[in-house]
Amino acid sequence: MSNIPENVRYTETHEWVRKEADKYVIGLTDHAQHEMGEIVMAELPEVGAEATKGDAMGGLEAVKTAEDFYAPMDGEVAAVNEELEANPALINEDPYAGGWLYAIKVSDESQFDGLLTSEEYKTHIGE
Amino acid sequence: MDKRTPLYERHVALGATIQSFAGYLMPIKYDAIKKEHMAVRESVGAFDLTHMGEFRVTGSDSTAFLDNLLTNDASVDNGKAYYSTMCYPDGGIVDDLIVYRIGDQEYLMVVNAANLEKDWAWVQSHLQSFDVSITNESDETALVAIQGPKAQEVCSKLTHEDLESIGYYEHTTGKFAGVDALIARTGYTGEDGFEIYMKYPDAEAVWDSVMEAGEKFGIVPIGLGARDTLRLEVGYPLYGNDIDHSTTPIEAKLGWVVKLKTEKNFIAREVLEQQKADKPGRYLVGMTVTGKGFPRHGTPLFSGDRKVGIVTSGSIAPAIGQAVCLGYVERGYQKRGSELEAEVRGKRIPVKIVKIPFYKEGSRK
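Protein sequences, first through last, are from chains A and B.
In this text, residue positions in the first sequence follow numbering that gives the first Met the number 0: the first is 0, and each later residue adds one.
In this text, residue positions in the second sequence follow numbering that gives the first Met the number 0: the first is 0, and each later residue adds one.
Any given hint could turn out to be false.
[Unchecked claim] To give an idea of the chain A side of the interface with chain B (calculated C-beta under 10 Å), a few residues:
no.	residue
1	Ala55
2	Gly113
3	Leu114
[To be verified] Straight-line Cα separation of at most 27 Å, BS3-like style, residue types lysine-lysine; simulated pairs:
no.	chain 1	residue 1	chain 2	residue 2
4	B	Lys156	A	Lys63
5	B	Lys359	A	Lys52
6	B	Lys275	A	Lys63
7	A	Lys18	A	Lys104
8	B	Lys263	B	Lys291
By construction, these hints were calculated from the structure, which means they are not laboratory data.
Virtual Cβ for every residue (Gly too), placed ideally from N, Cα, C.
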């Protein structure tokens, strides 16, 4: 069974989103990191880049597969996790904390409420 | 309905990630691919390769039959094996395989699981007037590979056969873990190691004995994921990725398994001879990725604005710590040291053509 914390929201494309004081932090779910296997490279967006809900913001390379990740909400990239450059395996080891991908500042906070809850995500992945 | 190997329950008990591959439910990984990979490079690992296909060839024309069918020379001594391609008349590859010579009039062909039905039909359709009989033993033959620098130490605990006297690409038949087996020093990892062929009902006894004998060397089970990274790191082609009906052994740098130096005739001889003389329009090369990114199967390769090739396999090479790939490039662009660019998600990633194998420290004898 995957770790699906209740204090974050989810997308159908397996990103999680956590609301912080002035931004939203985004990462890959535990379920998705497990499916992908060992991540060996994370291609992250540039700080300042525009995020449009549903657009590919970067890519993750695992030993056997590659997957893009998508913007969960409209906004602007406010920060990226630079530790992933040297240690992309953090996404596998600590997907909801040390393995975060990037953070955005959003214009329309109501989009957050439209994201999946932990229960809905659980159903989405069939657990 | 996918088949299960006789070791399926073992894989489940070991917590393997299991996927359908070539009609079998096979372990892709048990733990992490990189860890499994490094265990084989540094010590020893065990593989269930029961999905591979086995055809036995017997009869007074066995050598002549295989010489016609395969590009490599079947005139090897008893107890030896050879690697070969099997070609269509146009020079395209039906499959690549290992052939063990069991006796004067007996061989065992080991083919790729994904090609099993196609190969069987192909082999049967070329019996012609040869005095041979072929038997498809794939559904009764299990295969366990023990690979890595410690493989011989592990295997020597399980047999009275003198393993030291079995050279690379040599084999013997004898008892292994108490059962009748074909014991061969072959593999697909670049490391020293053995491949043990046995009947289905004996597979669990062999697997359990191997895991027990290997315990003090830290033996781990290895899934198909690491099997792929291990072979790529030493530049071995994989059928379906790097070679197929659209490629010839000459293009794939497998000319060494095409017996043009002998007088023997074989399917595609003329075509391959001509291609070798004319030089093929493209070559399979190895590339290290010097930029940031991972070219994969199907990624185009450029020299400036000109598309000059395509990647056929690509992954991280765990023992080197960098991404590598195999691919075909137009003749003229295949020189070692030349730099090309792979286009991944619209971005150009520099790659450099290098000598294969990428990993050169393998314990293969």
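Quick rundown of the hints versus the structure:
no., hint, verdict
1, Ala55, "holds (8 Å)"
2, Gly113, "violated (28 Å)"
3, Leu114, "violated (25 Å)"
4, B:Lys156 / A:Lys63, "violated (35 Å)"
5, B:Lys359 / A:Lys52, "violated (47 Å)"
6, B:Lys275 / A:Lys63, "violated (34 Å)"
7, A:Lys18 / A:Lys104, "holds (10 Å)"
8, B:Lys263 / B:Lys291, "violated (48 Å)"
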